[in-house]
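Keeping the supplied structure of chain A fixed, place chain B upon it in accordance with the hints.
These protein sequence lines map, in sequence, to chains A and B.
Okay, so the first sequence: first residue is 622 according to the working numbering, each after it adds one.
Okay, so the second sequence: first residue is 1184 according to the working numbering, each after it adds one.
Incorrect hints may appear among the rest.
Cut-off 30 Å, straight-line C-alpha distance, at most; resulting in silico cross-link-like pairs (BS3-like, lysine-lysine) [claimed, not checked]:
no., chain 1, residue 1, chain 2, residue 2
1, B, Lys1251, A, Lys682
2, A, Lys682, A, Lys670
3, A, Lys670, B, Lys1207
Between beta-carbon pairs, the in silico distance windows are [claimed, not checked]:
no., chain 1, residue 1, chain 2, residue 2, range
4, A, Pro736, B, Pro1253, 45 to 53 Å
5, B, Met1223, A, His703, 28 to 36 Å
6, A, Pro700, B, Glu1197, 45 to 53 Å
7, A, Glu641, B, Glu1201, 39 to 47 Å
8, B, Arg1293, A, Ser635, 26 to 34 Å
9, A, Trp704, B, Arg1293, 24 to 32 Å
Here are some chain A residues pointing at chain B (derived, C-beta under 7 Å) [what the hints assert, rightly or not]:
no., residue
10, Gly664
11, Leu665
12, Val702
13, Trp704
14, Gly715
15, Tyr721
16, Gln722
17, Phe726
18, Thr728
What the hints contain is simulated information worked out from the structure, not anything from laboratory work.
Here a beta-carbon is modelled for each residue, glycine too, at the ideal position from N, C-alpha and C.
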Amino acid sequence: AQSVTQPDIHITVSEGASLELRCNYSYGATPYLFWYVQSPGQGLQLLLKYFSGDTLVQGIKGFEAEFKRSQSSFNLRKPSVHWSDAAEYFCAVGGLSGGYQKVTFGTGTKLQVIP
Amino acid sequence: DAGVIQSPRHEVTEMGQEVTLRCKPISGHNSLFWYRQTMMRGLELLIYFNNNVPIDDSGMPEDRFSAKMPNASFSTLKIQPSEPRDSAVYFCASNPAGAYNEQFFGPGTRLTVL
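Only chain A is shown next, with the shape it has when bound in the complex:
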């Protein structure tokens, strides 16, 4: 069964600073990888996804993520954080489980942006 770990529960960065959110996954084959964002009181929204090909993936809102097979990681990055980026970020891994597609979400990283 696949699993995903987000080691940082809470991160605080200054507006304009760079950001990296960590994500490690466990799956026996090449996984499908996702990053979602959840603003307070709302549902999740897809930022970006990786299925195959170029390991550096561009997403919405200026985010990018890099798939590193050797490290089983899919870290999310943004060069300059804006106050509106304050939200909770979820990494997810997709794979076959019991013969059908399944996506498993991490526990999330809450991002606080300070002026």
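Coordinates of chain B only, in the frame set by chain A:
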């Protein structure tokens, strides 16, 4: 498109009562997912429908929980009887085809069981 619609947005009930949460997926989407989000356990998949048929219900906590999808435009999640530990935010999500594609989430239903 109105997006995924969930009702009610907030529900407060007493232990032992029946609770029914409703979801209308985006038109044309044939996969529907029910999730539960809590501080302790994060976001958990409860059940996944494809073409109105339950594909994976391994996340349904116990027999008190049941989900139905009588047609392509409506699904319900029922808890009977409800317990305080069921208090959580319940999300419904849909997508055009399969779990690997982008899931479109509704705004959630915040359930409080007293």
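- Message: Lys670/A and Lys1207/B were given as a pair; does the straight-line alpha-carbon distance stay at or below 30 Å?
- Response: Holds - the C-alpha atoms of Lys1207/B and Lys670/A are around 25 Å apart, at most 30 Å.
- Item | Cut-off 7 Å, beta-carbon criterion: hint that Phe726/A touches chain B | Holds, about 4 Å.
- Item | chain B contact restraint on Gly664/A - CB to CB distance below 7 Å | holds (3 Å)
- Query: Taking the CB of Trp704/A and the CB of Arg1293/B, does the distance hold inside 24 to 32 Å?
  - Reply: holds (25 Å)
- Between Lys682/A and Lys670/A, does the CA-CA distance stay at or below 30 Å? Cα-Cα ~14 Å, so holds.
- Message: Holds or violated: the hint that Tyr721/A contacts chain B, with Cβ atoms closer than 7 Å.
- Response: Holds. Min distance 5 Å.
- Under 7 Å, Cβ to Cβ, is where Thr728/A needs to be relative to chain B, so tell me if that hint holds or is violated. The hint holds - Thr728/A has a Cβ within 7 Å of chain B, the shortest such distance being about 4 Å.
- Query: Is it true that the CA of Lys1251/B sits at most 30 Å from the CA of Lys682/A?
  - Reply: violated (36 Å)
- Item | Whether the CB-CB distance between Arg1293/B and Ser635/A falls inside 26 to 34 Å | Roughly 32 Å apart at Cβ, these two residues keep to the hinted range, so it holds.
- Message: Does the beta carbon distance between Pro736/A and Pro1253/B stay inside 45 to 53 Å, or does it fall outside?
- Response: Cβ of Pro736/A to Cβ of Pro1253/B: about 50 Å, so the range 45 to 53 Å holds.
- Query: Against chain B, with CB atoms and a cut of 7 Å, does the hint on Val702/A hold up?
  - Reply: Hint violated; Val702/A Cβ to chain B Cβ min 23 Å, cut 7 Å.
- Item | Supplied contact hint for Gln722/A, tested at 7 Å Cβ to chain B | holds (4 Å)
Hint violations for this structure: numbers 1, 12 and 13, all remaining hints satisfied.
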